[in-house]
Amino acid sequence: MTIMKRAAGKVRLTLWVLAGLATCATQANAQSMRDVEALAKERGLTTADLMAAAKTYLPSGVKDEYLMFASSGHAGHVFVVGLPSMRLLRSIAVFTPESWQGWGFGVGDKSLEEGFPQGKSNLWGDTHHPALSETAGDYDGQWLFINDKINARVAVIDLRDWETKQIVKNPLTLSDHGGTFVTPNTEYIIEGGQYAVPWGSDYAPITDYKEKYKGSVTLWKFDRNRGRIDKDQSFAIELPPYWQDLSDAGKLASDGFFFMNSINTELATGGIQDKKPPFEAGASMNATDFLHIIDWKKAEKVYKAGNVEMIKGFPVITLKTAIAEGILHVTPEPRSPHGVDVAPKGDFIVISGKLDPHVTIYSTAKIKQAIANKTFSGKDEFGVPILDFDAVVEARIEVGLGPLHTQFGPDGYAYTSLYLDSAVARWTMGGSYGAGTPEPDWTLVHKTPVHYNVGHIAVAEGDTVSPDGKYLVSLNKWSVDRFVQTGPLLPQNLQLVDISDDGTKMPVIYDMAMGVGEPHYAQIIKADKLNSWSVYPQVGWDPHVQNINPMAPKKGMERVQRNEDGSVDIFMTAIRSHFNPEHIYLKQGDKVRWHITNIERAVDATHGFAVPVYNITASLEPGESVTIEFVADTPGTFPFYCSEFCSALHLEMMGYLMVEPN
Amino acid sequence: MSSFIDRLLGPRVSRAEASAHSLRYGTPGVLLLGARVLLLVSLFLPYWHMELQAPQYPSGLHMTAFLNALTGDVAEIDGLNHYIGMRSLYEAAALERTIGVFIMIAFVVMLEFAAYIHTRWTALLVAPVVLFPVVFLVDLHLWMRHFGLNLDPHAPLSNAVKPFVPTALGKGGIGQFVTVATPGMGLILATAASVVLIVALYFHRRAYLPLVKQQRSASPPAVTG
Numbered sequence: 001m002t003i004m005k006r007a008a009g010k011v012r013l014t015l016w017v018l019a020g021l022a023t024c025a026t027q028a029n030a031q032s033m034r035d036v037e038a039l040a041k042e043r044g045l046t047t048a049d050l051m052a053a054a055k056t057y058l059p060s061g062v063k064d065e066y067l068m069f070a071s072s073g074h075a076g077h078v079f080v081v082g083l084p085s086m087r088l089l090r091s092i093a094v095f096t097p098e099s100w101q102g103w104g105f106g107v108g109d110k111s112l113e114e115g116f117p118q119g120k121s122n123l124w125g126d127t128h129h130p131a132l133s134e135t136a137g138d139y140d141g142q143w144l145f146i147n148d149k150i151n152a153r154v155a156v157i158d159l160r161d162w163e164t165k166q167i168v169k170n171p172l173t174l175s176d177h178g179g180t181f182v183t184p185n186t187e188y189i190i191e192g193g194q195y196a197v198p199w200g201s202d203y204a205p206i207t208d209y210k211e212k213y214k215g216s217v218t219l220w221k222f223d224r225n226r227g228r229i230d231k232d233q234s235f236a237i238e239l240p241p242y243w244q245d246l247s248d249a250g251k252l253a254s255d256g257f258f259f260m261n262s263i264n265t266e267l268a269t270g271g272i273q274d275k276k277p278p279f280e281a282g283a284s285m286n287a288t289d290f291l292h293i294i295d296w297k298k299a300e301k302v303y304k305a306g307n308v309e310m311i312k313g314f315p316v317i318t319l320k321t322a323i324a325e326g327i328l329h330v331t332p333e334p335r336s337p338h339g340v341d342v343a344p345k346g347d348f349i350v351i352s353g354k355l356d357p358h359v360t361i362y363s364t365a366k367i368k369q370a371i372a373n374k375t376f377s378g379k380d381e382f383g384v385p386i387l388d389f390d391a392v393v394e395a396r397i398e399v400g401l402g403p404l405h406t407q408f409g410p411d412g413y414a415y416t417s418l419y420l421d422s423a424v425a426r427w428t429m430g431g432s433y434g435a436g437t438p439e440p441d442w443t444l445v446h447k448t449p450v451h452y453n454v455g456h457i458a459v460a461e462g463d464t465v466s467p468d469g470k471y472l473v474s475l476n477k478w479s480v481d482r483f484v485q486t487g488p489l490l491p492q493n494l495q496l497v498d499i500s501d502d503g504t505k506m507p508v509i510y511d512m513a514m515g516v517g518e519p520h521y522a523q524i525i526k527a528d529k530l531n532s533w534s535v536y537p538q539v540g541w542d543p544h545v546q547n548i549n550p551m552a553p554k555k556g557m558e559r560v561q562r563n564e565d566g567s568v569d570i571f572m573t574a575i576r577s578h579f580n581p582e583h584i585y586l587k588q589g590d591k592v593r594w595h596i597t598n599i600e601r602a603v604d605a606t607h608g609f610a611v612p613v614y615n616i617t618a619s620l621e622p623g624e625s626v627t628i629e630f631v632a633d634t635p636g637t638f639p640f641y642c643s644e645f646c647s648a649l650h651l652e653m654m655g656y657l658m659v660e661p662n
Numbered sequence: 001m002s003s004f005i006d007r008l009l010g011p012r013v014s015r016a017e018a019s020a021h022s023l024r025y026g027t028p029g030v031l032l033l034g035a036r037v038l039l040l041v042s043l044f045l046p047y048w049h050m051e052l053q054a055p056q057y058p059s060g061l062h063m064t065a066f067l068n069a070l071t072g073d074v075a076e077i078d079g080l081n082h083y084i085g086m087r088s089l090y091e092a093a094a095l096e097r098t099i100g101v102f103i104m105i106a107f108v109v110m111l112e113f114a115a116y117i118h119t120r121w122t123a124l125l126v127a128p129v130v131l132f133p134v135v136f137l138v139d140l141h142l143w144m145r146h147f148g149l150n151l152d153p154h155a156p157l158s159n160a161v162k163p164f165v166p167t168a169l170g171k172g173g174i175g176q177f178v179t180v181a182t183p184g185m186g187l188i189l190a191t192a193a194s195v196v197l198i199v200a201l202y203f204h205r206r207a208y209l210p211l212v213k214q215q216r217s218a219s220p221p222a223v224t225g
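Chains as they are written, first to last, in the working numbering: chain A, 1 to 662; chain B, 1 to 225.
Since the hints were made in silico from the structure, they are not lab data.
Virtual Cβ for every residue (Gly too), placed ideally from N, Cα, C.
Where hints are given, some of them may not hold.
Unchecked claim - Some chain A residues close to chain B (C-beta under 7 Å, calculated; not the full set):
{"no.": "1", "residue": "Ile575"}
{"no.": "2", "residue": "Arg601"}
{"no.": "3", "residue": "Ala602"}
Bound conformation, chain A alone (with noise of 0.2 Å):
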């Protein structure tokens, strides 16, 4: 008894001791976590809600673990949003004109030009891929490249400013899916085809299907000193007009291939108005569609011995040449396929169809065993070998409805959306794999519910040879009812999810609204891997050449320059708070080229250069030189100004410029 009461006198003045010692915490702090609870309980947040805070805010000043680069659809730009914190980041202009960035109205319209379809102007873009450069198998942080699905064009993104450099238009077809993703080193930037059209989109009527419409996959050779894609290296391979849809490359047991699924093997031709079926049931008739597996270093020697066709000016390896050199082979995959993954070994080969409620893995030794010794089952009618579907599978794993695509952790759990589901799906990889997970191989463990309709699912560096996991990112297109209603068209959301435990915990831990664009595909990249600059490295540089531009205007040299030929030329200087001149005299007609440097080093010092009725915004950033040539066709007075608000001055870094009517 005499103990008891001794040992609750120790426990009181434990209490006392450990109340003494939270009091003087509470003083020193102000704040404590009964303040935490209290707000909990009248903000009406759960623990889990908490966990999710404490795990996704970050304090001012502290900066984001991972860079997710992501595509934006149908803006046309790439959009960089920052982990755990998913603040948006950046916006990147690609294919769309984009006046904050100056992208399109006076800068950048050369590489836009470059891209035009056809000679014609178009100035939009359907980003959908990007694929960051690799190096043995994982990200290098140097270069990002990005599809344009409506034109089939592909895009040069400089890791180091964050700008475009170079856009392709792909001379054979007219539409892309497949790409871009590139080969282990960056060899190349795969870009397929994905609607069928006759080479170089040519008239032919639907009626003529099978024998003029095309399939194709190009390989875009990319030179890393130049930072350009080489066209004269790059060339394309004929396929089967089967709308090839996403691929991927193969890296480390897989290296030499890559893998693009296809949609349409039906060569259904649509015409619902001729109640004919649509294409949506036409293409997704027969139980399985062709997952192809091509053989690209094969390819580069059968291209590099000129065993090509031009066409379209560009070299093309037939279908026929294809078959014949044992660069094509395909195998069934479950039908209206979207995502084709390749593990981070390159070992495994996972594929969804929409239509199927299993991830189907292929064996990358058994394709080349089956390879190998043609264990074929038949032939497509248009002479692929079909590789035998039971002799190249792995495994079957029933996930759920609508799975799409596949992405990997470190640990050997693999993750798959379901669009239909509204979910995530994660599963164990069998192999060498297996050990990695508490769970049997190859079995589903667990389905966290996302809002709603998931296309894609991005995990750090969840596609390369290391993935890193900790973080999901699931690129909802539908936000329904998740954030407060913003007229009929709704953000889509870009939900985080924890997925840093094993087994059944993965929670939804972030919902980001996304409002200025739709994410397709996204990458995510450590921050640190990146060299990005903060400035420009010297005064007067040409961002499209990353050089020195030897013309560029220097501080003392300002001046306009009336050349013999009656053009002129502007050489002024941006600085805090004024351009030098400030009054420009033009007669009306002059061919200007207007050359601005911002002689800053400053960071963050970035001026804009915006010049009324002449349709010209550019941004200038720290070092940064450009020219903009016009014709000053309009007569006037015209107040141009620095757009971007630098200093306390701003309102009054101004000029004039006059154009003097003939």
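Since chain A is already given, all that's left is putting chain B on it; use the hints.
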């Protein structure tokens, strides 16, 4: 002539005497050598730093003055200074920066001579070197004063910022900027050299004054030396 030089150099110490009292006769020379080394090293080190702190420059703006150069965010600071009409800092102390290294070399040579001279003339050679850090700071202050008080009256912020004297050492302020001026390692070494030189003069006097007196009493007609 030679007697003038003899008188200037003062009494010589025999080798035997020097080795018998190596500490007494060695100390001044060693200290003078030490001062020379400190000054030579200081040539390669910054003499003065100024940091400008403001909300929109989270890592501050930094300016460093060497004897022969002005480095750091000078262009940026100049850019900001144009608002208040201050001249480019590159125009300040241009002569000093041109001749700074030569003066320092001259100092080293003077100290070399000072070590040979065993009379009070040594002090004359050492004194400018001792005073150098003070002269540096005074010169700096005068330049700052000159720049701060002679602002362009047509500058954008002339109405808002009146002429002022920037602080050469310590904390000051202008607009939203807090300025912190601190001595650089070079100036600290030069100051250390001054201290070493004063100590050297003490030991020099202790070693050679008795000899000078002895010499004087041995040859009374000699002029004071």
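Inset, instruction - Under 7 Å, Cβ to Cβ, is where A/Ala602 needs to be relative to chain B, so tell me if that hint holds or is violated. - result: The hint holds - A/Ala602 has a Cβ within 7 Å of chain B, the shortest such distance being about 5 Å.
Legend entry - Interface hint outcome for A/Ile575 [beta carbon to chain B under 7 Å]: 6 Å, holds
Legend entry - When the least beta-carbon distance from A/Arg601 to chain B is tested against 7 Å, hint result: Where the cut-off is 7 Å and the nearest Cβ of chain B is about 6 Å from A/Arg601, the hint holds.
Checked against the numbered hints above, the structure violates none of them.
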